[in-house]
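J.: Listed here are the chains, written in short residue letters.
Protein chains: 2
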Amino acid sequence: MIFSRIIKIFLIALLIFIASSTVAQEKDNHSTFINTIYKTTLAKGATYELLRELCEKYPKRLSGSDGAAGAIEWTKKLMQEYEFDRVFLQDVMVPHWERGEKEVATIHYGDGKIDLSVLALGRSIATPSNGISAEVVEVKSHDEVTELGRENIEGKIVFYNRPFSQEFVNTFRGYVATVNQRSSGPSQAARFGAVAVVIRSVSTGDDDHPHTGTLSYANDAPQIPAAALGVHSAEKLSTLLQKNPKLELFLKFNCQNLPDAQSYNVVGEIKGSTNPDKIIMVGGHLDAWDTGHGAHDDGAGIMHSISALRTMQVLGYKPKNTLRVVMFINEENGLRGGKKYAELAVQNKENHIIAIESDAGGFTPRAFGIKGADSSLTKLQSWLTYFPDNTISALKKGYGGADINPLNKADGTPTVGFIPDSQRYFDVHHSPADVFATVNRRELELGTASLAAFIYLVDQFGL
Amino acid sequence: MIFSRIIKIFLIALLIFIASSTVAQEKDNHSTFINTIYKTTLAKGATYELLRELCEKYPKRLSGSDGAAGAIEWTKKLMQEYEFDRVFLQDVMVPHWERGEKEVATIHYGDGKIDLSVLALGRSIATPSNGISAEVVEVKSHDEVTELGRENIEGKIVFYNRPFSQEFVNTFRGYVATVNQRSSGPSQAARFGAVAVVIRSVSTGDDDHPHTGTLSYANDAPQIPAAALGVHSAEKLSTLLQKNPKLELFLKFNCQNLPDAQSYNVVGEIKGSTNPDKIIMVGGHLDAWDTGHGAHDDGAGIMHSISALRTMQVLGYKPKNTLRVVMFINEENGLRGGKKYAELAVQNKENHIIAIESDAGGFTPRAFGIKGADSSLTKLQSWLTYFPDNTISALKKGYGGADINPLNKADGTPTVGFIPDSQRYFDVHHSPADVFATVNRRELELGTASLAAFIYLVDQFGL
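Going line by line, the protein sequences match chains Y and S.
With my numbering, letter number 211 in the first sequence gets 211, and the count goes up by one each step, no holes.
With my numbering, letter number 283 in the second sequence gets 283, and the count goes up by one each step, no holes.
If you are wondering where the hints come from, they were derived from the structure by calculation, not from laboratory data.
Predicted model only: the values in this text are computed from it and were never measured.
Incorrect hints may have been included.
Copies of the same chain look alike in the list, so a pair counts if it fits in one copy or across any two.
Stated by the list, open to error - Restricting the straight-line Cα-Cα distance to at most 20 Å, the calculated cross-link-like pairs of lysine to any residue (SDA-like) are:
hint : residue 1 : residue 2
1    : LYS278    : GLU135
2    : LYS397    : TYR386
3    : LYS39     : ASP374
4    : LYS278    : LEU247
5    : LYS396    : LEU384
6    : LYS396    : TYR386
7    : LYS409    : VAL179
8    : LYS39     : PRO163
9    : LYS39     : TYR425
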């Protein structure tokens, strides 16, 4: 009796031992594979050289431009050369805005004049062909425009000069706290009779690169031209206004809003071996402002996405589920690519396990932010131990990304945003400084590795 | 009876509630103060402008140089202007090595010649005044030198061309795996009769900046001249050697090892209100290689350290323990400052709670590494929740720092190393590229904030 009990206890202990060592072994296998992903990417990853090629060949990729068309063709061919199982385009009609000739912003005072560093905001209308000259009213906020009222605003150029809120560790919080002077500032000024708007660039940098970005014209206000000044130029204008509140600013832009143009999302797939109909999607946006190279925004994201799948392919990994990379068109000034993707996903009854976006630059990885998988959050967080030190330090609730948000809204697909370190992003964002030279090879490749590792974990464990 | 029991339970519950809410309140106060540190530093920190001034005024700070003397005087004055309670110097005799005229490394082949990008290694002797010309033996390791033996090495220049090990997330691991070709490679080659050594720079970068750093001459080998080539120059030399193994390399350096010079550690203190004899020390090293500005190595560390104390002062914080900042001299080629500091600490029976060093660059913060406080590690790790997201993500075992290691050895003081992101450090380390322009303001200020927050926690809770 006692003997059989001992045997029983022994057998149970043995079973527990086998089970736990199997679990440990599996854990170990996953860790080994993820370490291989990181080592391979850091030592031999192609992301950096691909991004260099993109930035050299197609630096200007605004929706409807020749650059965007070239980049669409190039990324499609790249995935075909990689022999992804399926590469195709999705038709998307996109807004087509063109900047035209170089903008002019000049301060006239006495016999002198000073040229300011300026970029029209996306969607802005042109000034009259011979420009606009008017006095300037400097404000810090929408409320200040309201308070000043029509008697102080009418016929003038409103100058929003609120600095970037630097106090947040997460620069996206500072961006959100500042960006309304760009997005809705022009219409707010127009409501009170302003003839044009200039803003201090929404930038963390201490330099004179103007940072563009899209404005949104409200239906209840006339459309007026609007542009961003470099931070130093904004400070110069402010200083001169203090000396002479009557000084005149001359503005001349030749932007055009042309008819919508035919464009595309670019999609590539590696088919799943077990569940080919279940999709793990990763992507970024192919379009970029026409100022620098769109290296961080979002050349990094699309090269991350293709390279994450390429890494799995090179390592001989056969996914259970279909891995899909999507390069969305028109994130910057319309989001038509993201909307069209969601529409087609619903129409085709596609089954997305998850959609992941990289659209915060090619900087050193810090976290993933997850939206719409609250019940899975504990499970996701248990994956943290798989990521090497100083790569992904948190898996937490957060925003997925602009391009994948319509999919989340349409069918509830959980979305995940890749969160690299944000300190340098708004130094270059939407400006002529967003060039390949500001990308660090190792930081960029670590993004690819982190995305590949996350995709691997979703493929292995589901959500 | 029952009634009194109910009252008892009620009173106990009340006590627990009060106690736990007091704990929560205290936790909340600490969090609030630490958030204030971060916000203040990001919005108004002076670290970046101080580093700019240091890099502009005293870019060349090698031990014994005029630049080092100037920086000693400048940092001392700065802390006096801040009205720290005590500012003083510690006498340190330092090695005095000078690079002399710009080095020359030229490949001669046929009628042509190619100039390579070169920097003599620290402590290297000069070549004969008319230079050295010799055939080149390319190797990847010390072992390969041994295998080739005297018959293949004697009279030749040994060229160590092992690339930086890029596969580690932590670039310091790659550095350790590669750096022996610089530190002990020259003596290893000299043992087999080599007349000089050139190495491929120990660099993560894909460029042609040579990266210097100190060599160590062994006692059992003749001293021979040694220098680092830029990575592109090393690749060029390797390619040409494959075509013509007999090509000759011409080297000419005028370095000098001069007699030891008088120098100093610079020390500043804010006195503790409760335990003035207990010291929380933070520092970096004041000396730097003579090539760029020593902006990351280690201008960042010394400006971090002064600014961490300055932040506490500006916020009106009265420390319980004495806060001390130390700017060590001679980390790069002798460590005399760190050794002298430890010697004086023992001699004066000083009581250090902890010594913290920032000597890994002005990049975005990731962690603190702790040596010699194993029993306190759990306590330290409980502090992690105080650090904002995407700043300090780990408090873990690790190396403190070169300058504070002698103190740890001498009296067991626990040491702590600030660990910023390491991806870009070895792109610039010891090279002409380590200039102020490569420092990002926000990343640098986050280092100051993280150090100030850590010092605050040690001051509040002890180890």
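J.: A separate judgement is required for each hint: does it hold in the structure or not?
T.: Hints versus structure:
In this assembly of identical chains, the alpha carbons of LYS278 and GLU135 never lie at most 20 Å apart, being 59 Å within a copy and 62 Å across copies at closest. Taking the shortest alpha-carbon separations for LYS397 and TYR386, both the intra-copy value of 19 Å and the inter-copy value of 19 Å come in at or below 20 Å. For a Cα distance limit of 20 Å, the shortest separation of LYS39 from ASP374 qualifies neither inside one copy, at 32 Å, nor across copies, at 30 Å. Taking the closest pair of Cα atoms, LYS278 and LEU247 never come within 20 Å of each other, the shortest separation being 62 Å inside a single copy and 61 Å across copies.
Taking the shortest alpha-carbon separations for LYS396 and LEU384, both the intra-copy value of 10 Å and the inter-copy value of 16 Å come in at or below 20 Å. In this homomeric assembly, LYS396 and TYR386 come within 20 Å of each other (Cα to Cα) both inside a single copy, at 15 Å, and across copies, at 17 Å. Taking CA atoms no more than 20 Å apart as the test, LYS409 paired with VAL179 passes in neither setting, with 24 Å inside one copy and 53 Å between copies. With identical chains, the CA atoms of LYS39 and PRO163 are at most 20 Å apart between copies only, with a shortest distance of 15 Å across copies and 41 Å within one.
Taking the shortest Cα distances, LYS39 and TYR425 sit within 20 Å of each other only across copies (18 Å), while inside one copy they are farther apart (26 Å).
Violated hints, in rising order: 1, 3, 4, 7; the structure is consistent with all others.
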